[in-house]
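Spelled out, the chains give:
There are 2 protein chains.
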Amino acid sequence: MIKIDFKKGKGLIPVIIQDASTNEVLMLGYMNRESWKKTMETKKASFWSRSRKKIWVKGETSGHVQKIKGIYLDCDGDTLLLKVDQIGGAACHTGFRSCFHQRLEKGKWKVFGKRIFDPKEVYGK
Amino acid sequence: MIKIDFKKGKGLIPVIIQDASTNEVLMLGYMNRESWKKTMETKKASFWSRSRKKIWVKGETSGHVQKIKGIYLDCDGDTLLLKVDQIGGAACHTGFRSCFHQRLEKGKWKVFGKRIFDPKEVYGK
Numbered sequence: 001m002i003k004i005d006f007k008k009g010k011g012l013i014p015v016i017i018q019d020a021s022t023n024e025v026l027m028l029g030y031m032n033r034e035s036w037k038k039t040m041e042t043k044k045a046s047f048w049s050r051s052r053k054k055i056w057v058k059g060e061t062s063g064h065v066q067k068i069k070g071i072y073l074d075c076d077g078d079t080l081l082l083k084v085d086q087i088g089g090a091a092c093h094t095g096f097r098s099c100f101h102q103r104l105e106k107g108k109w110k111v112f113g114k115r116i117f118d119p120k121e122v123y124g125k
Numbered sequence: 001m002i003k004i005d006f007k008k009g010k011g012l013i014p015v016i017i018q019d020a021s022t023n024e025v026l027m028l029g030y031m032n033r034e035s036w037k038k039t040m041e042t043k044k045a046s047f048w049s050r051s052r053k054k055i056w057v058k059g060e061t062s063g064h065v066q067k068i069k070g071i072y073l074d075c076d077g078d079t080l081l082l083k084v085d086q087i088g089g090a091a092c093h094t095g096f097r098s099c100f101h102q103r104l105e106k107g108k109w110k111v112f113g114k115r116i117f118d119p120k121e122v123y124g125k
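Keeping their order, the protein sequence lines are chains A and B.
Under this note's numbering, the first residue of the first sequence carries the number 1, and numbering increases by one thereafter.
Under this note's numbering, the first residue of the second sequence carries the number 1, and numbering increases by one thereafter.
Worth flagging that the hints you see were computed from the coordinates, not collected in a lab.
Where hints are given, some of them may not hold.
Counterexamples of contact, computed for chain B against chain A with all Cβ distances above 10 angstroms [as the list claims (entries may be wrong)]: (1) K8; (2) W56; (3) V122.
In silico lysine-lysine, PhoX-like type, Cα no more than 25 angstroms apart, as pairs [to be verified]: (4) B:K54 <-> B:K108; (5) B:K120 <-> B:K54; (6) A:K106 <-> B:K108; (7) B:K108 <-> A:K69.
Heads up, the beta-carbon is just placed ideally off N, CA and C, and yes, glycines get one too.
Build out the structure end to end from the sequences listed, making use of the hints.
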């Protein structure tokens, strides 16, 4: 049986986060072995922050954690798909439900959908 | 308005492919600027193959092309989400509908779903 291939991405694997009930794609994050292990132990999504270079528990500041409902691996073993319950209703740090809230329309990126929370209130900045 | 950030991934951006009608996640591929341009021009998904190091038109051998129905960019501009019509019904080169046909169950990866096509027949190998 195929195992997770952390080598191809030099220690990191892309992880697609999908809403378990609506199948909406909420975000894409990256995991290293440590954040994968933490995700398995806590049943909540943890990632590796490429910018901050540290483990990042999704929702640790906002409370908007992602409870793991299903874990899927692709044919090559180099991409994960997690189905989650998104606590708080929004995955994006900007307050939108999904990080993918920009749609290409006639050659321009248009923001659609509405903010579920105000980042200033949640993050205090 | 945010633009696609090809720099963060050293010229490559991960692209999530989702079925436009069912919202099933079918695969994840990578695009460079050239494959992105080609995708825009042809309205069919083209990727950069990291293993073969060349542009790859999805379905060029099998005929199972992906017609673009919607294009979404994430908040950081470093991940794309494409909603597609998957011609032939299967995105995975193994013949499964989705590349994510392995599910973690009691600590083991279990294959689920059924093959839509036989790779031997489609690829002749």
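Hints versus structure:
no.: 1; hint: K8; verdict: violated, 8 angstroms
no.: 2; hint: W56; verdict: holds, 14 angstroms
no.: 3; hint: V122; verdict: holds, 15 angstroms
no.: 4; hint: B:K54 <-> B:K108; verdict: violated, 34 angstroms
no.: 5; hint: B:K120 <-> B:K54; verdict: holds, 23 angstroms
no.: 6; hint: A:K106 <-> B:K108; verdict: violated, 45 angstroms
no.: 7; hint: B:K108 <-> A:K69; verdict: holds, 15 angstroms
Hints 1, 4, 6, counting from the list given before, are not met by this structure.
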